[in-house]
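Chains A, B and C are the protein sequences, given in the same order.
The first sequence maps to residues 7 to 142 in the numbering used here.
The second sequence maps to residues 294 to 411 in the numbering used here.
The third sequence maps to residues 6 to 239 in the numbering used here.
Treat each hint with caution, since some may be false.
Covered stretches of chain B, as calculated for chain A (at least 3 residues, CB under 8 Å) [claimed, not checked]:
| # | stretch |
| --- | --- |
| 1 | 309–318 |
| 2 | 333–340 |
| 3 | 363–375 |
Everything labelled a hint here was simulated from the structure, so no lab data went into it.
No residue lacks a Cβ here, since even glycine has one placed at the ideal position from N, Cα and C.
In case you want the letters, here they are:
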Amino acid sequence: MAVRATGNAGHWSWYFQRVTGIALVLTLAAHFAVNHFMRPPEAGGADWAGSLYHAAVLRLSNPLYKGFELTFLMLATYHACNGLWAIGRDVVTRPLARTALFMLIVLAGFALAVVGWTAILPIDQDWLARGAAATQ
Amino acid sequence: MFLRYKWETGMLAWAMHRLTGVAVTFYLFLHVYTMTKLHDGEAAYNTAVSAFSQPMWKAAEALLFGAVLYHAVNGVRIVLVDFFGAARQQRRLFWGMMGASAAAFVLGSWLIISHAVH
Amino acid sequence: MEVSFEILRFDPSRDSSPRYQTYRVEAEPNSRILDVLNTIKWEQDGTLTYRRSCAHGVCGSDAVVINGKNGLACQQLLKNYGGRTRFRIEPLPAFRVIKDLVVDMEPFFRHYERIKPYFVNEKPPPETERLQDPVDREAIDDATKCILCGACTGSCPSFWSNQQYLGPAALLKAFRFVFDTRDTATDERLKVVNDQDGLWRCHTIFNCNACCPKEIDITDAISRLKVLAVQTRL
Chain A
7 MAVRATGNAG HWSWYFQRVT GIALVLTLAA HFAVNHFMRP PEAGGADWAG
57 SLYHAAVLRL SNPLYKGFEL TFLMLATYHA CNGLWAIGRD VVTRPLARTA
107 LFMLIVLAGF ALAVVGWTAI LPIDQDWLAR GAAATQ
Chain B
294 MFLRYKWETG MLAWAMHRLT GVAVTFYLFL HVYTMTKLHD GEAAYNTAVS
344 AFSQPMWKAA EALLFGAVLY HAVNGVRIVL VDFFGAARQQ RRLFWGMMGA
394 SAAAFVLGSW LIISHAVH
Chain C
6 MEVSFEILRF DPSRDSSPRY QTYRVEAEPN SRILDVLNTI KWEQDGTLTY
56 RRSCAHGVCG SDAVVINGKN GLACQQLLKN YGGRTRFRIE PLPAFRVIKD
106 LVVDMEPFFR HYERIKPYFV NEKPPPETER LQDPVDREAI DDATKCILCG
156 ACTGSCPSFW SNQQYLGPAA LLKAFRFVFD TRDTATDERL KVVNDQDGLW
206 RCHTIFNCNA CCPKEIDITD AISRLKVLAV QTRL
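Generate the whole structure from the sequences, applying the supplied hints.
In structure tokens:
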């Protein structure tokens, strides 16, 4: 069995799976707490009657929180794709099939990131007003 | 081989880590898709999201919480083994952490199913 | 006590597929699995084939699957299995069966040779010996105990699904020399183990640790190699 070049050694894949994993434990906790336990700061008192849509838009129109969510999305996308790739290399051994699988996973990850960014990025302070105008 | 070999702590932890990892990946795709509904107006988004408050989806949400919790806790265990020389303690570590997570899972599921968390 | 041994038998020159054959043997709780196999071969069925040499847990030739877990037939006593009287004996998983419990260990040793399992130091040896600090020796003490029985590699799910994987035994041997302060071939070995089908197919499943007849902390050794492989690239 020939020894392959070390260009695709796999140490970064292993290392960053752990780094992003620990980062995700922290960011997921924050994501979960903000989205499920906190009112958006602009929502005011306990009698706030905004819908889930209002709440989501208010949160995401805050640039800081939007940045956080996009970071979270990138971490999760990397970690998920890298995890699938780890499983793939356990199961798929032929070099060509491995390359094909790698490209498929990268493509899926890229698609996920693009969909996520286009969904979240344009949401700003005027989103609610524009949305209301569009439905009228 | 997977079915015939003796299942001990390590192999169980690994298999569940994979299973929950793949499950949460599916959810990630679904979740990001839901967020695109923000572009279809208030009604469309609310309909998409409120589908998850149906009883069956509540149970699925509790399972999702369990999967994420397991994956996170076991992930910490893997890091302890890899970077902090915890290999000899892996069994005790696993069952200790599982005990603590079981309590968190019961509390979390109860909050989800009783609609305290939406 | 009477025990029953269900043995997975296969003769590729005659059988189309493996089959279980059950033998009943009178044995003592202190009997070893190997004693029972010997009794079967010598008194009941001379065609039963298995590998054994020293029969004292040193040569590492009689690793088999005992009740679903790899172990040395010459080391495991019947009483180690919680009073069970039914035993199931199978050849090591993932290796080609030559006959009955004898498997082809060729892939195992090919992987082993890849990591250069010998001491390398270009400097001419001193008059007496290359001295080493006892503390440095202790770091590799555990790893030097490996007898190359193949129980660990045959127990690893990563190896079951991908036999290009170096496997725990080869990686442990790489650790043994990489962390030997007198050895100088660290870079060469790291190049071999830092590979898609080397270190990174280990997912800390711990089957190797659980079945190692010498109770070596193999997973820990592999983890240390992983961290070193990353550190040298940082």
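Do the hints match the structure? See the list:
1. Using a Cβ-Cβ cut-off of 8 Å, 5 residues of the stretch 309–318 of chain B lie near chain A, which meets the minimum of three, so the contact claim holds.
2. Closer than 8 Å: that is the beta-carbon criterion, and the stretch 333–340 of chain B has 5 residues meeting it against chain A, so the requirement of 3 holds.
3. Figure legend: the stretch 363–375 of chain B, annotated as covered by chain A; annotation consistent (6 residues with Cβ-Cβ distances under 8 Å, at least 3 required).
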